[in-house]
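Novice: For the record, the sequence lines run as chains A and B. Heads up: the first sequence begins at 1 in the working numbering, then just goes up one per residue. Heads up: the second sequence begins at 1001 in the working numbering, then just goes up one per residue.
In case anyone wonders, no lab produced these hints; they're calculated from the structure. The reader is advised that the hints may include incorrect statements.
[Claimed, not checked] Over the 12 Å line for every Cβ pair with chain B, so calculated as not near, a few chain A residues: (1) R50; (2) A51; (3) A72; (4) Y75; (5) E79; (6) V94; (7) A105; (8) R119; (9) R134; (10) A171; (11) R179; (12) D192; (13) P219.
[Stated by the list, open to error] With the C-beta cut set under 10 Å, the calculated list includes, among others, these residues of chain A facing chain B: (14) R153; (15) A163; (16) R172; (17) A175; (18) T222.
[Unchecked claim] So, partial list: chain B residues that the calculated Cβ filter (under 7 Å) puts toward chain A: (19) A1030; (20) P1034; (21) G1039; (22) A1043; (23) G1123; (24) V1150; (25) A1153; (26) F1178; (27) G1180; (28) Y1183; (29) A1187; (30) T1198; (31) V1221; (32) H1223.
In this text the structure is predicted, and so the values were computed from the model without any measurement. In this text, a Cβ means the ideal position worked out from N, Cα and C, and glycines have one as well.
Listed below are the residues making up each chain.
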Amino acid sequence: MDDLRLEHLDRDGALAEAIAALHGHTRTDLLRGAVAGSAALLAVCAAPARAAARDRDVAILNFALTLEELQAAFYTEVERNKVLRGDLREQATVVGGHERAHVRAFREVLGSRAAKRPRFDFGGATEGSGAFRRTAVAFEDLAVAAYKGQAPRIRSREYLASALAIHSVEARHAAWIRRLAGKSPVTGPFDDALTRRETSRIVARTQFISTTSTTRRSPRFTG
Amino acid sequence: MAAAAGAAACGGSEPTPRAAVGDLVGAVPAPPHPALPIGAPVALGRDRDSTRWAPLRRAVVARARPSPDAPSVSALAARTPEGTTNLVLVLARARDARGGLWIRARLPSRRAATGWLPRAALGGYRVVHTRLVVDRGRLRMTLLRRGRAVLRAPIAIGRAGTPTPAGSFYVRDRLTRFAGRAYGPIAFGTSAQSATLTDWPAGGFVGIHGTDQPELIPGRVSHGCIRLRNVDILRLVRLLPVGTPLQIT
Chain A
1 MDDLRLEHLD RDGALAEAIA ALHGHTRTDL LRGAVAGSAA LLAVCAAPAR AAARDRDVAI
61 LNFALTLEEL QAAFYTEVER NKVLRGDLRE QATVVGGHER AHVRAFREVL GSRAAKRPRF
121 DFGGATEGSG AFRRTAVAFE DLAVAAYKGQ APRIRSREYL ASALAIHSVE ARHAAWIRRL
181 AGKSPVTGPF DDALTRRETS RIVARTQFIS TTSTTRRSPR FTG
Chain B
1001 MAAAAGAAAC GGSEPTPRAA VGDLVGAVPA PPHPALPIGA PVALGRDRDS TRWAPLRRAV
1061 VARARPSPDA PSVSALAART PEGTTNLVLV LARARDARGG LWIRARLPSR RAATGWLPRA
1121 ALGGYRVVHT RLVVDRGRLR MTLLRRGRAV LRAPIAIGRA GTPTPAGSFY VRDRLTRFAG
1181 RAYGPIAFGT SAQSATLTDW PAGGFVGIHG TDQPELIPGR VSHGCIRLRN VDILRLVRLL
1241 PVGTPLQIT
């Protein structure tokens, strides 16, 4: 995680919002833990607990969707800018196709419960090969660590299977771009997950997700 | 498996490696089917009929060339007169002698249709696949998406003394839930400015909006704005994103 120098991320807090949703469901965990000792009470609460687990899975999927949207938008923009050549261009094209496929899959499964697509502002990160390479390493390392952090919290085995399938692809992306950046594809024998606190700290430093303002003022056109 | 069974029948107390592997395989359940239908990689679509725009991060001076030393062509505010984020259409990019990145942009300016802005003054790029064409001769508006017409509507435009300006412009903002009926339920701001109403309080920008006088459409009755029947502006609002290029012929 030493490569995470994302100095401009999450201007309007969309990522923070997704993380806050996960925090909110932690309270549900506590409630469930408190009633676990009473079989009768547990029976009464079984249905709400299942619903809470489903809700938490949806929150985790939406968190993953936001990260995938961020990555997909990043690779899409750099491809449109046509600033990459050779191996780097191939990496961006292939990985961009994967990230867009991930976004499509998450949106298909979440349906109407999918989080709204944020707006992005990558500043100069998509305007040149050097900035792209550094940011892509940070993005892929972030995605790998974030998936690892959330996977154990997923209740549905089917969602977990999907998350693991994506996680290993993100790890391959990370190894690929690290090699192109002249870094070792493997940083050690054991990878740490990214906790929510660590994710929040990174998010606080970032401004890649942005917003434009709206108004209810009356028009001042010529009429 | 047959060999392993034979070895066990001969009195061997230790299971053979093959028997152990077979037992393990039998004991391991099948993996769950992934819930996400992750299909083939999604290639980036062709950029034909697409336009990029970017919001302004701050007030900025547009230059005649991609250089901080080039003459100023226009000063842009960070906000529109309505208080929304100001934006420009992205046309080209270039680096100056010091390596700084510049964007050639279509501007909301009467003085200059285009100019060069430092990339750092702009926010993230957005993409639209729509184009709006206003035909002043036929008093009709056509919205195209990816080159195909998706909406046509009759319009009212400026009268002879306050004509709707011709040229290449863009949609700058969308206003809803404002007070007053003269503009109808929805109004879009554009980068077009009246050539005659130069002292208009907010700069004389041309809007696209509804009306409380639908009987005047089609016609040449406005101060330069493009008026639609309310039923048409309500259709348009579902189809027209901010940043859409506007061609007035």
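Novice: Tell me the numbers of any earlier hints that the structure contravenes, in ascending order.
Specialist: Those not satisfied are hints 3, 4, 5, 6, 7, 8, 13, 14, 16, 17, 19, 24, 25, 30, 31.
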